[in-house]
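First residue of the sequence shown? That's 1056 in my numbering, and the numbers climb one at a time after it.
If you're looking for bench data, these hints aren't it; they were derived computationally from the structure. Note that beta-carbon positions come from the ideal geometry of N, C-alpha and C, so glycine has one too. Some clues are possibly wrong.
To be verified - What follows is a list of derived Cβ distance ranges for each label pair:
| id | residue 1 | residue 2 | range |
| --- | --- | --- | --- |
| 1 | R1127 | E1090 | 17 to 25 Å |
| 2 | G1129 | L1061 | 26 to 34 Å |
| 3 | R1127 | L1101 | 33 to 41 Å |
Said to hold, decoys possible - Here are the simulated lysine to any residue pairs, SDA-like style, with alpha carbons at most 25 Å apart:
| id | residue 1 | residue 2 |
| --- | --- | --- |
| 4 | K1066 | A1100 |
| 5 | K1103 | V1085 |
| 6 | K1103 | L1074 |
| 7 | K1103 | D1089 |
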Amino acid sequence: MALSRLLRQIKGILWNGNLYDAQAAIDDLVMDLDETETDYASIKALRKAAAEFETYITNNADMIPNYAERHRYG
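Required output: the full structure, derived from the provided sequences and hints.
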């Protein structure tokens, strides 16, 4: 899956408050980045940022609002 598509998917999943699916998608992102062989100069920083993002979402899952629900109910 293309990286930009996966990032958009994660954003949408989080916006809808589905943390379980978001954590699974973020885990996929981290694994995809770990397995990617590339000459991209900043891949190491991107891998680190993805791993830190995964940790942040896991540690703050109880505090992440469901924006779609908020939008529906005002």
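Hint by hint, here is what the structure shows:
no. : hint                        : verdict
1   : R1127 <-> E1090: 17 to 25 Å : violated (38 Å)
2   : G1129 <-> L1061: 26 to 34 Å : holds (31 Å)
3   : R1127 <-> L1101: 33 to 41 Å : holds (34 Å)
4   : K1066 <-> A1100             : holds (20 Å)
5   : K1103 <-> V1085             : holds (9 Å)
6   : K1103 <-> L1074             : holds (21 Å)
7   : K1103 <-> D1089             : holds (10 Å)
Comparing the model with each numbered hint stated earlier shows that hint 1 is the single one that does not hold.
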